[in-house]
Amino acid sequence: MIGDVRVVADAAGGCHLFGNCGFPAPGLQNFSFKPLFSVGSFHFTKPMLIAVLCTVIVIAFFWAAFRKPKLVPRGVQNLGELGILAVRDQILRPALGRKGDVYLPFLVSLFFYIFLMNLMELIPVFEFPSMSRIGFVVPLAAMVYILYLYLGFKNQGAWGYVSNMWPRGVPWPIYIILIPVELLRFFIIQPFTLGIRLFANMFAGHLLLAIFIAATWYLASFTIGLLFAAGSAVMVLFVFLLELLVDLLQAFIFTTLTATYIASSLEAQH
Amino acid sequence: MAADVNGTGRVTRPTADDAAARALGLSTGWTVFSYLIAGMAAYGIIGWGIGKAVHAEWPFPVGMIVGLAISVGFIIYRYGRQGSLEPRDAGPARVERDDR
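Chains A and B supply the protein sequences, listed in that same order.
Take the first sequence: its letter number 160 is residue 150 in this note's numbering, and every next letter is one higher.
Going from the second sequence to this note's numbering is simple: count from 1 and add 336.
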């Protein structure tokens, strides 16, 4: 957040209320970063650092929790079990039942990785959700969708899987009409919506936070503008709390949809 | 906590059925949304191709509208009937109550 103010301030060249230079609206410049370091043509940026850090934190947390598991959990194991049981009971079992427990490590990793990546937008110093860059979301959505297709072909067979894609009990002329719709939905739109929702929510949330933070800074002065700055500061707090909810919700939705995709791959639905 | 959907004034703890219904609803919601977009996109592309072939612009929007109509019709056929979202014998809705 402080970073946003700095970026906006830099972009506006120190622009302020009564400065006759207008409101320095946040925009795409808030999502671009100078490389921290470069190796040839490869540039390592802040969002990449956050992604690596989140991976390390998730691995380290669960390693610490279950390195030496006790029958009666204590300390960090308690927290780890709480997280795993939440994913199991609220996401995995409603979709897959008990036979889906084999996918628990995958779904737990996915949920906590996405949640932590989203949460980084609210943590000082980091102040950026890497999921608001589509390049971080597409590989996740692709990974889930490739798993979805693989499990479908493996469990139902190639012909069974393709035939199960089509609705049953529909007159054959309707099939011809539905072929382009089903193909596009199955191979393009469904994975696209899976990823784009996460990306768009994080992008919009970060922009919203940046706008109110910039407005607070822009309006702060010893004039009537101070009242507006205070109003904007209240909105910062409100959006901050909203984003906390959105961060959790987006991780939950992505993981729940992954679980339901896996469920529909394992057994045909008509 | 589960919402007071029955209007009884009592808010209850979420059950496995609540979670299953939520998963099914979420999945169905996004599938329906995907159908709407896919219908418009698929027939929009076909219309655009026809428009290119006959050097006209109208097949593109007409294709999109036709695609949307097909999607809406199919969504009503598949999901609009009573009981179409009832738990089936397989897939997202199945809950094993004694799992916990």
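Just so you know, the hints here were simulated from the structure itself, not pulled from any lab data.
Don't be surprised by glycine CBs; every beta carbon is placed ideally from N, CA and C.
There may be inaccurate statements among the hints.
Beta-carbon label-pair distances, calculated as ranges [stated by the list, open to error]:
id: 1; chain 1: A; residue 1: 215; chain 2: B; residue 2: 365; range: 30 to 38 Å
id: 2; chain 1: B; residue 1: 390; chain 2: A; residue 2: 215; range: 58 to 66 Å
id: 3; chain 1: A; residue 1: 54; chain 2: B; residue 2: 408; range: 20 to 28 Å
id: 4; chain 1: B; residue 1: 381; chain 2: A; residue 2: 132; range: 52 to 60 Å
id: 5; chain 1: B; residue 1: 353; chain 2: A; residue 2: 19; range: 29 to 37 Å
id: 6; chain 1: B; residue 1: 353; chain 2: A; residue 2: 32; range: 47 to 55 Å
Now for the hints, and whether the structure bears them out:
For residue 215(A) and residue 365(B), the hinted distance range of 30 to 38 Å is not satisfied, since their beta carbons lie about 44 Å from each other. For the pair residue 390(B) and residue 215(A), the beta carbons lie near 60 Å from each other, so the given range of 58 to 66 Å is met. In this structure the supplied range 20 to 28 Å is violated for residue 54(A) paired with residue 408(B), their Cβ-Cβ distance being about 52 Å. About 22 Å separates the C-beta atoms of residue 381(B) and residue 132(A), a value inconsistent with the hinted range of 52 to 60 Å.
The beta-carbon spacing between residue 353(B) and residue 19(A), approximately 48 Å, falls outside the hinted interval of 29 to 37 Å. For residue 353(B) paired with residue 32(A), a C-beta distance near 50 Å keeps the hint of 47 to 55 Å intact.
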